[in-house]
Each structure stands twice: as structure tokens, then as C-alpha cells.
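Each chain is listed here by its residues.
2 protein chains.
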Amino acid sequence: MTPKAKTSRKKTSARAAKVRPPITGVLAPVLTPFKEDLRPDPARLIRHCRWLLSQGCAGLAPFGTTSEGNSLSVEEREDLLERLLAAKIDPGRLMPGTGCCAMADTVRLSKLAARRGCAGVLMLPPFYYKGVSDDGLFRAFAEVIERVGDDRLRVYLYHIPPVSQVGIGLKLIERLLAAYPKAVAGIKDSSGDWGNTQAVLSAFAGSGFQVFVGSERFLLANMRHGGVGCITACGNVNPGPIVRLFRDWRTPEAEWLQGEINATRSAIEGHPVIAALKEIVAHHAGDPAWRTVRPPLTPLSREQAAGLLAALGQRQFGMPGLTG
Amino acid sequence: MTPKAKTSRKKTSARAAKVRPPITGVLAPVLTPFKEDLRPDPARLIRHCRWLLSQGCAGLAPFGTTSEGNSLSVEEREDLLERLLAAKIDPGRLMPGTGCCAMADTVRLSKLAARRGCAGVLMLPPFYYKGVSDDGLFRAFAEVIERVGDDRLRVYLYHIPPVSQVGIGLKLIERLLAAYPKAVAGIKDSSGDWGNTQAVLSAFAGSGFQVFVGSERFLLANMRHGGVGCITACGNVNPGPIVRLFRDWRTPEAEWLQGEINATRSAIEGHPVIAALKEIVAHHAGDPAWRTVRPPLTPLSREQAAGLLAALGQRQFGMPGLTG
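Those protein sequence lines, which keep their order, are chains A and B. FYI, the numbering used here numbers position 223 of the first sequence as 324, with every residue one higher than the one before it. FYI, the numbering used here numbers position 263 of the second sequence as 364, with every residue one higher than the one before it.
Incorrect hints may appear among the rest.
Identical chains blur together in the list; that is why a pair holds if it fits in one copy or across any two.
[Claimed, not checked] Each computed DSBU-like pair below joins lysine-lysine, with the alpha-carbon atoms no more than 35 Å apart: (1) 272 <-> 136; (2) 189 <-> 272; (3) 283 <-> 212; (4) 212 <-> 231; (5) 283 <-> 231; (6) 272 <-> 283; (7) 272 <-> 212; (8) 212 <-> 136; (9) 136 <-> 283; (10) 136 <-> 231; (11) 272 <-> 231; (12) 136 <-> 189; (13) 189 <-> 283.
By construction, these hints were calculated from the structure, which means they are not laboratory data.
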């Protein structure tokens, strides 16, 4: 692309980008249902997405960690994204995960998301090599942003060192923001380390960098310090109360609401979380097919499932049944 | 596939498999050269492969860790494999890396390798999720083997916990061998932990399970305990002496040879290894294009490069120049 073509495209989309404010609130990293033969199950996915939006989720982050996103091929992710759009899920509410080990894959998925008008993309750093330098990670993100070459692209950096083992530190964020102030829109901080979130908030939130926490445990604290919401696994089963806290975080009930959603999360966290969430959906929707996970994950054993449901007690999540 | 069809296919290829003994010796996890725009460079790759074979390498393991294999998309790996074959590189000498996070990708690459008659495939476990169970990993490998459904498939398990963070333990190997005694052919142990290699050797080498070490430092020890060779990064630049140790491991010179190749490795290991190997090829072949790495890796700085070449001293690797 010539520099001239780049500039003119930037002008066009700077106007377009003004149309819609950036996404804030509670996003669910949507679980991916699989058929018995382990193929993705678009019909169940669409039903689940609609339910999540009906519960007040501001958006959906398909193909994240909870979505078993990295267990899906690029083609499977492309196909599922197209099916969500074909089912009239508003792209302005979608933040698909697009970060892969191979640059070409990340570019391809991010290009599609930008072209389809997605609110943003949730971008892991390339995560195979460990102990890589900030120079290398900067170059990885920079190459993707340049190659996507679309001013509609909004990148949410995905910091999840407990899983990816490759993190996104403050200096890297600073460099990326300096180089790509429009494309680099925010972060999902799934470090589980409030100290890190606080440091990111104080360094960058003031200038409009959007900080989502990766667990609803930190939602109230995040909102009080200038954050914009959360993208949390438990949003898949407990969206209503989490959304209520997001809406009412300035009210006297906020602490109590935070305590309530923490208690639900604690009941779930005693188990492998993705399998546990699928177990909950299977149970509450009366739809055992939801239990299927892709290897290397495994579904809960009967004992684990019974323990989980006992720990959750009388909680009702209001999921629609199979015919809902 | 019906059980009957499976059985009859197994019979056919048990005969075919007898034609050729399994691969042993020194394999190079071939460096992947990139063009300035970061596209793979098939011409330089083919030239490098031919040189490695001319130096006595028994085989080539493209798309391994040293190859930046996980920084390549599935399509890029398919294309490069086809180009190697089109350049008359004997498939019986190839052990391409095929293990991806997404099962469909691993199946697709492994199917191609088996169909093309490759000696084997080097298969990482799915490596995004950490702390997964042996049940989940067993299922991951089992699904791939079943879905490839080709009795020509020979899987070499790729155990490299320092990078993948997801390892392949003894109990898992035992389960896989019990279920797929023909398909599960061996392991590349890149743990860097001789105790682990020894345990694998004593448990499985006696029954024909092929143990390659992932560093030439352990080559002599591996051969003395029933191993079959090594697949090592330094094979890319120092194949001759490593091959000589493999051939002469029973001779009185073996200890001295081991010491020599260790010294070369030590000079390299003080630096980021993949960039250092590319620097060496660039320098000795007089071909600076070889320095290019894909993000998140970075090429050596000038100072690092100078330090590396100084550490290597007068070593000559006999690489052909640009016109070689």
C-alpha cells in the first residue's frame, strides 16, 4: 500500500469511527458449544449469545480463553463469526479473539473482524516462545496493525500471563499507544493481579485507554479507578448480577452486589472453570450436549459436576431450556 | 470409519511400513529463512536443507521450535513442505512439526505428512491451556491419530516443557503406546533434563520406542542408553561434528567429540539461540538475508552478533555461499 492510500483511508474512517462510542460494560467471552464429533455447534452458540445479550451483556468476546478459542482453527473462527453476523448479532457488540502464534493468522482474523465492523478484537501476543523481549512483542503487534491496514481496527490487548505465559507490560502498552493511538483501544487484564490493573489504570485510563478486568471480582474496584467494565468467564452463566453491579457501581448496594457475584464465582472456581461453566449451562438449560469440550480439556466427572451444583446451591441462572 | 475398514487398512500398511527402517541419527530442526517482508523464502530453505543432508544429517525436522514453526500458518507449512518435496528432498528424511493448539490444524498437517510419505511427524501437545490433565492430553493425541486415520503416520512426541509449558510424561507415553503401538514411534526429549530422558529410555526404548534427545549435549549418553539420535538446533550450523559423534559413539574418540560439540554449543547458547543460528548462517554463507526472524523474535544486535562470532572463534562450518 502506498503511504498516500493509507492516509486517505485514515481520513475516511476517522469520520466513520465517530459514529459509535467505544464498547463498555460487561462482555462475555462466549463458551463454544461442540457437537459430539467435536465440530463447533453454531445453533447452540447463537442461542447462547442471544441469551447473554438479553441479560444485559454489553458485548460478546467469542474465541477468548473461555471460548476454547485457540482450540479452533482460523477457518472455524471465521465460519462462526460469519454465522453470528448472519444471525443478526450486532457486530458493534462483538470483540472476537484474534491473537494466534502465527502473524498471518492474527492478521487474517483481525482483518475480517475490522471489515465486518466488530467493536474490537481481543489480541493475545504470540504465545509459543517464552521470555521474548518487548521489542519483539512490539514488532508483533505493530506488524499485525500495519498489515490489517484498516482504520476501523480497535485492538484490545489481551494480558493473561497465567495462561499465555507471555504478558503485556506497561512499557509495551506505552510504546504501542505512542505508535498507534487510534488502533490500540484498550486492554483485558486477566493477570488476576489488582496491582497491575491499578498501574495500567493510572498510567493510561486518563487518556481514554479502556481497561477491562478479566474477572468480575475486580469489577467494582476497576470502575472506581477509571476502568470501563469486565470481560469475564462467569459472565457466561451469571451475567445478570454482574451487569447489575456494572450499572449500579456508584450506589450503596455496590459492595453487597460485589460480594454476591464473588460468592458465585468462588463456587465455580473450585473446578476447572471452562468445563464447569459448560456443566452449568448443560444443567440449567437441560441440554447435556453443552458438556462437550475439546481436548486437551476434559468435561467434569460426575462427582465434580455434583460437587459444583451443590456448591452453587439454589442459584438460578434463568437460562432458556432447549426450546427456549 | 467402521472398525472393519480400520483393520483392513492397518494390514495393508503394516506391510508397507516394513519397506523402510525407522529414521535414526542426527536430524536438524531446519531454520526457516524469511524474505524482507517476512514471507518464507523457499529457495533459501531448500538450499539449506540440501547442505544439511550433504553434511550427513539423517533427516530434517522442519517447522520445529528452531524453525519458528509455530510462527507459520498451516498454509505456509503446507506450502513449504510441498516445495521441499518438489525439490526432490526425500520424504523419508522428513519429520515436519505438526502440533498446533487447534486439533483440526494438527490433523491437517499430519495427514499431509503421512500421505506424502514423511518419515514421521514431530507433534507438540496442544500448548495454550496449562496444567491440563493426562486424560486431556491422551485424548488430544488420540483424536489426532484417529482422525488422520493413516497407518503410515509415525508420531514423534515433542516434549519441550521449557517452551510449550505442557509436557509429555511417562504415564502418558505408556497410555499412548498401549493404544497406538504402531503410530506412536518415539519422542524428542527437549526437557534438558537427562534424568527424564533416562527414565523414558529405560521404560520404553527396549520395545523399539525411538528416543531422540533435543540437545547434542546428551547425544553420547543417549546412544549409550539405547537412544537413536538427536534433533538439535545446533545441527543447523554444526552438523558435521555432531554426525561424526553419532557415527563414532562406540569409539575411543567419542568423549573428545562430545566435548568439541559441547564447546560450540556453549558459544551459541550465550545468545538467543534461533537468532544466533541465523546470524551464523548469514555470516558463513555471506548472506545477510538469513538474519531475518519473525516477531516475536528479534535478530541479534550488532554487539550480540560480534560477541557471538568472537565466541565461536576460528570455527568454520563450511556453509556454501550465496552461489553455493
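Hint by hint, here is what the structure shows:
1. In the homo-oligomer, the alpha carbons of residue 272 and residue 136 lie at most 35 Å apart only across protomers (29 Å), although the nearest pairing inside one protomer, at 43 Å, exceeds that limit.
2. Proximity of residue 189 to residue 272 under the C-alpha cut-off of 35 Å is found in neither arrangement, the shortest distances being 39 Å within a copy and 48 Å between copies.
3. Proximity of residue 283 to residue 212 under the C-alpha cut-off of 35 Å is restricted to the intra-copy arrangement: shortest distance 16 Å within a copy versus 42 Å between copies.
4. Taking CA atoms no more than 35 Å apart as the test, residue 212 paired with residue 231 passes in both settings, with 26 Å inside one copy and 29 Å between copies.
5. Taking the shortest alpha-carbon separations for residue 283 and residue 231, both the intra-copy value of 28 Å and the inter-copy value of 33 Å come in at or below 35 Å.
6. Proximity of residue 272 to residue 283 under the C-alpha cut-off of 35 Å is restricted to the intra-copy arrangement: shortest distance 18 Å within a copy versus 50 Å between copies.
7. Proximity of residue 272 and residue 212 under a CA criterion of 35 Å is satisfied intra-copy only: 26 Å inside one chain copy versus 43 Å between copies.
8. Taking the shortest alpha-carbon separations for residue 212 and residue 136, both the intra-copy value of 28 Å and the inter-copy value of 22 Å come in at or below 35 Å.
9. For a Cα distance limit of 35 Å, the shortest separation of residue 136 from residue 283 across copies, 29 Å, qualifies, whereas the shortest one inside one copy, 39 Å, does not.
10. In this assembly of identical chains, the alpha carbons of residue 136 and residue 231 lie at most 35 Å apart whether taken from the same copy (34 Å) or from different copies (24 Å).
11. Both within a single protomer and between protomers do residue 272 and residue 231 lie at most 35 Å apart by alpha-carbon distance, with minima of 18 Å and 26 Å respectively.
12. When the C-alpha separation of residue 136 and residue 189 is checked against a cutoff of 35 Å, the pair qualifies only within one copy, where the shortest distance is 23 Å, while the shortest distance between copies is 42 Å.
13. Taking the shortest Cα distances, residue 189 and residue 283 sit within 35 Å of each other inside one copy (27 Å), while across copies they are farther apart (49 Å).
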